[in-house]
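> Respectively, the protein sequence lines represent chains G and F. Our numbering numbers the first residue of the first sequence as 1 and each following residue consecutively. Our numbering numbers the first residue of the second sequence as 259 and each following residue consecutively.
A few of these clues could be false.
Unchecked claim - What follows is a list of derived Cβ distance ranges for each label pair:
#1 F:Arg410 - G:Arg12: 49 to 59 Å
#2 F:Asp406 - G:Leu118: 29 to 39 Å
#3 G:Arg10 - F:Gln491: 57 to 67 Å
#4 F:Ala397 - G:Arg10: 24 to 34 Å
Stated by the list, open to error - To spell it out: a stretch of chain G is covered by chain F in this simulated footprint if at least three of its residues, at any positions, have a beta carbon under 8 Å from a beta carbon of chain F; those stretches are:
#5 49-60
#6 229-235
#7 247-258
Derived from the structure by calculation, the hints contain no laboratory data. Owing to the predicted nature of the structure, the values given are computational and were not obtained by experimental measurement. Each residue gets a CB set at the ideal place from its N, CA and C atoms; glycine is no exception.
The lines below spell out each chain.
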Amino acid sequence: MRRALSALFRHRTLAEILVGRELKARYRGTWLGFLWSFANPLLTLSIYVLVFRVYIRIDIEHYPAFVLCGLLPWLSFSGGVAEGMGSLINNGGIIRKVYLPTEVFPFVAVSSNIIHFLFSLPVLVGIMIASHLHFTAHTLLLPVLLLLQFAFTYGVALFLASMAVQFRDLMHVVPNLLLIWFYLTPIFYASNMVPERLRLLVWLNPLSLLIEGYRCIFFEHRFPPGRHLAACAVASFFCLAVGTWVFARRRDMYAELV
Amino acid sequence: MAAIELTDVSKAYRGQAQRVLSTTLKSFFTRDIWRRRAAAPPAAQKWALQNVSLRIERGSTVGIIGANGAGKSTLLKLISRILQPDAGRLVVNGHVAALIELGAGFHPELTGRENILINAVIMGLSRQQVSERMPAIVAFAGIGEAIDDPVRTYSSGMYARLGFAVAMHVDPDILLIDEILSVGDAAFTRKCQVALDSFKRQNRAIVVVSHSLETVASFCDRAIWMEHGRVRQRGPVDAVIAAYSEASLAA
């Protein structure tokens, strides 16, 4: 893992340039441009509020802000995983013809989605203000959560990118799995609404821990329990280690299969 | 010390073969992940290169010729480390810049200038170095105002100019060129000739792959004739080209 990360470090300029390009290219040629960073989560949010708050009447105070605390990190995670998985295949043209550290592509997909999450935070600020909520110093834990989220997402993306090169079916399977994963993660419901006997389903999911963490610091004005953070850190770095290992083992085949 | 040295190098294309091999997830995990290196290539494997041994010295310009599918491009991809050999030993001494295929690594939506930055960084320059060399690169490319247009609007000649301009300014010890010299116009070809000559005098190695025997004859002093993944003949450029043309005419 150290070697893989040091290769990235040596090529950090390339990674930097590609992330910048990715962010610039995202909304190039669209009318609303950068505003889509705000409009997209707001549209999704309003559907959830309509269905779960108005129709189904979930009883959670300040529901829009509650959902958004989980929705924004989720969008960043699922975007990073989906784009990261396809990143080798989509950059096949360059991988086949230019020698470069291939992990830069999943890295760019995941980092640009994390940065994008940061860009969309003003939406959360807006919704919080509209609900007469405020931020506290607990928010300062954000970088730690972001680091964990990055490690987890990057690990998953490396693994899937490497596998998808050989098993293209994953490109169709994974979006469905992501949808299931979304419903199993406490984003539009609270973890304590899950029946006691199924609660394990929530806590075995590193994303639940992460999203509860974001919710703690933004919404509940407290630090997440230390053991949750520790469990999340162990899971994230384990994923990162497995992802980098698998990716490195299979490196030689990418230029031939993409 | 040779710039490039291959000893009994073989390369089989995995392509479909590999996909067929891993029919079950179990075989995939046991073989491909744990012992992929140890797995012997199946007999039916298609060899792109078979037992190729050659030496390319510093200060020489070598042309690789041969029919389609003879393994010329595979050879370049091995030297540039895009592909790994399945057997044999490959030693490359020095920094390699590869121009493999027109416009490889260019992003169609970005301008020529932006692409110069990305390409030069991929070839190992720092941001600082790129900005220092940018004027020289732009001047060498010589495509005028078009340098600030998206490269999707470029002609193939302009692609070649841009790619070549970058490669000439990243200080490679070894320059690999696949089929790019032939698309430029006379003026550019002349410019390349001058640049490559000065390259050679600086004791660097140049490997050119081309179907154009004229190109090879004018740029190179030695040639390698590849056939069915093996070296058929090598030596002074005129002799190899003569033998190759004779064989092609006979066939």
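> It remains to establish, for every hint, whether it holds in the given structure.
To see whether the hints hold, each was checked on the structure:
1. F:Arg410 - G:Arg12: 49 to 59 Å: This hint is violated: roughly 28 Å between Cβ atoms.
2. F:Asp406 - G:Leu118: 29 to 39 Å: holds, 31 Å
3. G:Arg10 - F:Gln491: 57 to 67 Å: Hint violated: Cβ distance 40 Å, outside 57 to 67 Å.
4. F:Ala397 - G:Arg10: 24 to 34 Å: Hint holds: Cβ distance 29 Å, inside 24 to 34 Å.
5. 49-60: It is violated: at least three residues are needed, and the region 49-60 of chain G offers just 0 whose Cβ sits closer than 8 Å to chain F.
6. 229-235: Our answer is that it is violated, as 0 residues pass the Cβ test (under 8 Å) against chain F, missing three.
7. 247-258: As far as the region 247-258 of chain G goes, the hint holds, because 7 residues have Cβ atoms under 8 Å from chain F.
The earlier numbered hints that this structure contradicts are 1, 3, 5 and 6.
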